Amino acid sequence: MAKNAPKNAVSPLERTSRLLDLVPYINTHQGISLVDLAEVFEVSTNQMISDLTTLWMCGLPGYTPLELMDLDFESGYVTIRNAPTLARPRSITHEEGVALVLGLDVLRSGISTERTDLIEAISSLSQRIARLVNLPLALSASSDISHEVTTSVKEAIAHRSGLQISYHSLYKDEVSSRVVLPLEILESQGYLYLHAYCFTALDFRHFRIDRIQSANPAEVKKPSTAPPVNPEKIGFSVKVLRPTRDVAERFQEPNLEAGTVFESSSFSQHWIARSVLASGGAIELIAPAEIRSELAKRAKVILNRYEG
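The opening residue of the sequence shown carries number 1 in our numbering; numbering runs sequentially from there.
No lab work stands behind these hints, which were simulated from the structure alone. Fair warning: there could be bad hints in the mix.
[What the hints assert, rightly or not] Below, in silico cross-link-like pairs of lysine-lysine (DSS-like), each with a Cα-Cα straight-line distance of 25 Å or less:
#, residue 1, residue 2
1, 233, 154
2, 239, 297
3, 239, 154
4, 154, 221
[Claimed, not checked] Derived CB-CB ranges, DEER-like:
#, residue 1, residue 2, range
5, 74, 176, 10 to 20 Å
6, 23, 74, 33 to 43 Å
7, 176, 42, 40 to 50 Å
8, 274, 191, 16 to 26 Å
9, 294, 219, 53 to 63 Å
10, 187, 93, 27 to 37 Å
11, 82, 216, 21 to 31 Å
12, 269, 244, 20 to 30 Å
13, 173, 75, 52 to 62 Å
14, 186, 102, 18 to 28 Å
15, 187, 44, 16 to 26 Å
16, 234, 187, 51 to 61 Å
As the structure is a prediction and not an experimental result, all values here were calculated from the model. Every residue, glycine too, gets a C-beta built ideally from N, C-alpha and C.
Please model the entire structure based on the sequences and the hints provided.
Spelled out as structure tokens, the structure:
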């Protein structure tokens, strides 16, 4: 491996790959100095210490002190004391086999069809694991994220170009078309998000990538540096028909009784309508009249679906 200037990990995937390479390397280079190890993997000494600290919490199933990795690097030299135990072959349980096969299938679904070498290697490994634990070869899983969308997003970020995306918003329960300038991909609570400047909202937004239905190249102008215009709050009044905990928490009105009328406000007309519908008849929207009228139409459409 070339010895270039130290650098820190740029992504969780890169760090995970390095951690997987660290164990066999240290096992065959017992007693290597911390400085030399950091230089080999092209990271700073502090980053290498962080990686080794993470490895302390890794090991074999059971994850007691007997199975965890026994590392020593406090002296400035790195050694794995229980390397023979870690290298000992282990049997794969049925549950572990299922998880591995499904994980490989998700991994395969995210790879470009042009990489036939990787797809064939993954398929071969999946079949071997399936035979070991007697799994049906039809067992499969797929990612909710479109490979075409991911590819378009990554290319747009790399070339600083725009995209026209078709996005399903669960908040409004509608699919909208937006022109965005992708900036980076973020991960939060197990979901991938696209951080981008949205020319529809004239502000920066996060879009969950699995909700982007399509992404096509689009010409964009330089984003405006002017602060976004704050929308005005919409005032509304509500009458309580049946006091419930959901209504009290949703509208932050702790002292509610049947017949109580209270006023509140929101920046979103959609939130007001959805909140009233979600109450299940526990409240009635009194004003404004235009939202009340729209709410009546939506409720009628829903009832017609039940009757149909």
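Right, here's what the structure says about each hint:
1. 233 / 154: Violated - the C-alpha atoms of residue 154 and residue 233 are around 37 Å apart, more than 25 Å.
2. 239 / 297: Distance ~19 Å between residue 239 and residue 297 Cα, so the pair holds.
3. 239 / 154: Since the Cα atoms of residue 239 and residue 154 sit roughly 49 Å apart, the hinted pair is violated (cutoff 25 Å).
4. 154 / 221: holds (19 Å)
5. 74 / 176: 10 to 20 Å: Given a distance of about 55 Å, which is not inside 10 to 20 Å, the answer is violated.
6. 23 / 74: 33 to 43 Å: Once the Cβ atoms are compared, 18 Å apart, the range 33 to 43 Å for residue 74 and residue 23 is violated.
7. 176 / 42: 40 to 50 Å: Given a distance of about 43 Å, which is inside 40 to 50 Å, the answer is holds.
8. 274 / 191: 16 to 26 Å: The hinted range 16 to 26 Å holds for residue 274 and residue 191, with Cβ atoms some 21 Å apart.
9. 294 / 219: 53 to 63 Å: violated (35 Å)
10. 187 / 93: 27 to 37 Å: holds (29 Å)
11. 82 / 216: 21 to 31 Å: For residue 216 against residue 82, whose Cβ atoms are near 53 Å apart, the range 21 to 31 Å is violated.
12. 269 / 244: 20 to 30 Å: Holds: the Cβ-Cβ distance is about 23 Å, inside 20 to 30 Å.
13. 173 / 75: 52 to 62 Å: holds (60 Å)
14. 186 / 102: 18 to 28 Å: holds (25 Å)
15. 187 / 44: 16 to 26 Å: Holds - the Cβ-Cβ distance for residue 187 and residue 44, about 23 Å, lies within 16 to 26 Å.
16. 234 / 187: 51 to 61 Å: violated (34 Å)
Of the numbered hints given earlier, the model fails hints 1, 3, 5, 6, 9, 11, 16; all others are met.
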